[in-house]
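Assemble the complex: chain A is given as a structure, and chain B must be docked to it using the hints.
2 protein chains.
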Amino acid sequence: MKNQNDLKTNLTMLTDFYEITMANGYFTNGYADTIVYFDMFFRRVPDDGGYAIMAGVQQLIEYLENLTFTKEDIEYLRDCKIFNEDFIRYLENFKFSCDVWAVPEGTPIFPVEPIITVRGPVIQAQFIETMLLLTINHQSLIATKANRIVRAAQGRAVMEFGSRRAQGADGAILGARAAYIGGCCGTACTICDRDYGVKALGTMAHSWIQLFDSELEAFRAYAREYPSQCTLLVDTYNVLKSGVPNAIKVFNEELVPRGFRPAGIRIDSGDITYLSRKARKMLDSAGFEDCKICASNSLDEYIIRDMLMQGACVDSFGVGERLITSSSEPVFGGVYKLSGVEDAQGNIIPKIKISENVAKITTPCFKNLWRLYDRESGKAIADVITLHDEVIDDSKPYELFDPDHIWKRKTVTNFRAVELREKIFEHGKCIAKPRDLDEIREYCMKQVDTLWEEVTRFENPHQYYVDLSQKLWDVKNRLISEHRF
Amino acid sequence: MKNQNDLKTNLTMLTDFYEITMANGYFTNGYADTIVYFDMFFRRVPDDGGYAIMAGVQQLIEYLENLTFTKEDIEYLRDCKIFNEDFIRYLENFKFSCDVWAVPEGTPIFPVEPIITVRGPVIQAQFIETMLLLTINHQSLIATKANRIVRAAQGRAVMEFGSRRAQGADGAILGARAAYIGGCCGTACTICDRDYGVKALGTMAHSWIQLFDSELEAFRAYAREYPSQCTLLVDTYNVLKSGVPNAIKVFNEELVPRGFRPAGIRIDSGDITYLSRKARKMLDSAGFEDCKICASNSLDEYIIRDMLMQGACVDSFGVGERLITSSSEPVFGGVYKLSGVEDAQGNIIPKIKISENVAKITTPCFKNLWRLYDRESGKAIADVITLHDEVIDDSKPYELFDPDHIWKRKTVTNFRAVELREKIFEHGKCIAKPRDLDEIREYCMKQVDTLWEEVTRFENPHQYYVDLSQKLWDVKNRLISEHRF
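So the protein sequences, as listed, match chains A and B.
Heads up, this note's numbering is the position in the first sequence plus 368, with the first residue counted as 1.
Heads up, this note's numbering is the position in the second sequence plus 368, with the first residue counted as 1.
Note that these hints are calculated values from the structure, not bench results.
Misleading hints may appear alongside valid ones.
Chain copies aren't distinguished; within one or between two, either way the pair holds.
Below 27 Å or equal to it, Euclidean Cα-Cα: the simulated BS3-like pairs (lysine-lysine) are [stated by the list, open to error]:
hint	residue 1	residue 2
1	Lys728	Lys439
2	Lys609	Lys844
3	Lys839	Lys747
4	Lys839	Lys776
5	Lys567	Lys449
6	Lys617	Lys764
7	Lys728	Lys609
8	Lys719	Lys844
9	Lys721	Lys609
10	Lys649	Lys747
11	Lys814	Lys449
12	Lys747	Lys646
13	Lys801	Lys721
Chain A on its own, in the form it takes in the complex (with noise of 0.2 Å):
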């Protein structure tokens, strides 16, 4: 599994301009080694899901590591005649130093909790933030929707399909990746496959059918050629009375003579739940049992969910557009906000966002971020966002409650802290440790599960705690209440 992006273009200029622009104002005023802090989050799960899944943090990481300036970016900058030429100059030796913390990719998060927080120089940690938004927003969204296929699927093989109609080849690419840590067991995209190691699958489209003088010549030729993988696409002209028998008739002259199974076949319209049922009880009347039977054409989570439910003899589902693109939500709305700045003495100060739309408050200071789980049942209960210097002890009782109706309270025992997020950069150097992808959807899986049913449901599920500790609090309506008098 190797990795041949390190060939692409640097990807440094790939920021809003005002992150520029701001940096030259911190140079010139002064602030070019102020430390601050930033989180990241998000607001609201897409699809009005429970539950997002974290990814990206890989390219986030390698996006770090090859931050650099290129002479033709410097002469770029210079171009725009309104930089200052020693902040120009910082540019030209610029070497990332920040602190990072960050969920690891295939975590469940939850709306406001702080997934990944920088701490550096603000002139850094500032101009990083169009791209670390990019790319934890893009793959989490694909990973998020990918996740809620893959359960309504219960169990069945889903694949990414959807290359051709991503938004430009890095949706495709990273889009694929990201479905696979959703869950997805493959993809039809072969670059992810040489690159990331994501199997790639895909057997052959109506115009091969087309190319042949008949379906059955088709038909013959692929078997012929792929014996021991023949899966048969059997919806060109009619799948009843002349994709499945002919696949019948093709399994039986060119597979069983030679020893191999039929594979599968492929339907890629019509009414798919019916065909499917009727597909099954030919192929079962042909003693081809074992041959599997894949679906495809604009499927989602609700339209599989429907087909099982409806008794559908699907094995697999080939998912395209609607997960590449996660077309009914295509945008995870992940910011990036300055919690708090270091003073001359190295104490934070915390920063608010005020905001008269109250879900657009932002919780101030430098936090850490846990989870806790039930020691018997091993779900999760809740999470608690704290002071990055507080610990929860689970050897003692905890009392929970809600940041906004304060009344509402819950002292939970026999419970497991788990700090939630890892440092993966100290003073610029990545510290993170390497993690295969099979390990990362292996992880996301067991997540998942940890998990109550009513918190995975797709429409109204029920909302996972998210908590502040009390100093959090505290401190986070003391500000609140100076900003209004």
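Quick look at chain B alone, frame taken from chain A:
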């Protein structure tokens, strides 16, 4: 305007795996040299609009020019252990040799038209399907959405601000390029300026304001740094009580004495219609009638239309996630279908894909695409799809007819017939004339102006005529009949 993307990962392997299994099968079945015709077309306009905007041809050209299998690709394919060794050697020496015709970027396009046609050996013409669709689908989607938003703004500037919510780096960079073609005047995406010359714009985020001791201090620092292009973000605390008064104070204290005029203020939250009207009055009273007001925050064509209808005093719009992902409909459903095969004598055998769903029946044959313009008004009357060797003689009356309801006929006179597509590859060599992005953008605006207003409505637009020539209709009808009986 240099393009540094040459360094980018070779995207040859960004292809659906089945393109390779089919290619191998064509090869081993003796179809390596079979010449085929494929068309790209789409079935409906996103957002139920009246037309789409073609975009992405330049990136398709770059992809086709760089088609080559690296040593690593070949190793990967060999490791799959299902491909014929002669086929792998063929790929090692792969040289693209197809002819390609495409509608130029910036052109309004309509459903069922062959916007791209590829002629060449089936292995090649099939192989490029995924990237051809991905590239054109993505950029046409965004150019189409941008054009809607720009029209809603009625001449006011629209800037693309969505990088952080884009689906991957290319989603941001090429999305910004496509948005420019569709009519945006600039982008926040710096790298898109460096590489494509799309003017990068942007001033400050809320974090800039938060970092200083006060909003006033933050504004002062910014005005001193950028006196000639000073746009201040006025909604961090309170637009009317704090933001605008502080901006006016700073304009007066920092800009006017030094001979500068303010560039603008930006409002990013709250009821922008109300706030902009109040802010306009305050700025005017202070003698800053020339100070522009920029609005941002979850905008799209509908919100902009409504804001302007309600008298919002906004001079420019920054549009983010709803543009860069086309969030109301994030998929452009272009497809790529076989339309003909040459026999040994070079005769073109037309191919059709039949479907119970009438809209999914393809149009066979090697075709050409014409647009008829009224000589008097300059307006586009209809598009006509003909056989490739038909000529529409615009010195004579021409009879249009509806291909679905053939009794609907109309004879047009005094028109100009223009072939809509240009040949961009001949025997695998690019022969497209290079076009400047500004030129494409201007061409787009002019071409949209040739559409009747009825066609450009956001909702329920008039359906523009896309007709078949009598000869083409006859072939299609004959093939349908042959398949049915």
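Tested hints:
no.	hint	verdict
1	Lys728 x Lys439	neither (40 Å within a copy, 52 Å between copies)
2	Lys609 x Lys844	between (68 Å within a copy, 24 Å between copies)
3	Lys839 x Lys747	within (26 Å within a copy, 68 Å between copies)
4	Lys839 x Lys776	within (17 Å within a copy, 76 Å between copies)
5	Lys567 x Lys449	between (49 Å within a copy, 14 Å between copies)
6	Lys617 x Lys764	neither (69 Å within a copy, 56 Å between copies)
7	Lys728 x Lys609	between (59 Å within a copy, 19 Å between copies)
8	Lys719 x Lys844	within (9 Å within a copy, 68 Å between copies)
9	Lys721 x Lys609	between (65 Å within a copy, 17 Å between copies)
10	Lys649 x Lys747	neither (41 Å within a copy, 57 Å between copies)
11	Lys814 x Lys449	neither (53 Å within a copy, 33 Å between copies)
12	Lys747 x Lys646	neither (41 Å within a copy, 53 Å between copies)
13	Lys801 x Lys721	neither (34 Å within a copy, 52 Å between copies)
Hints 1, 6, 10, 11, 12, 13, counting from the list given before, are not met by this structure.
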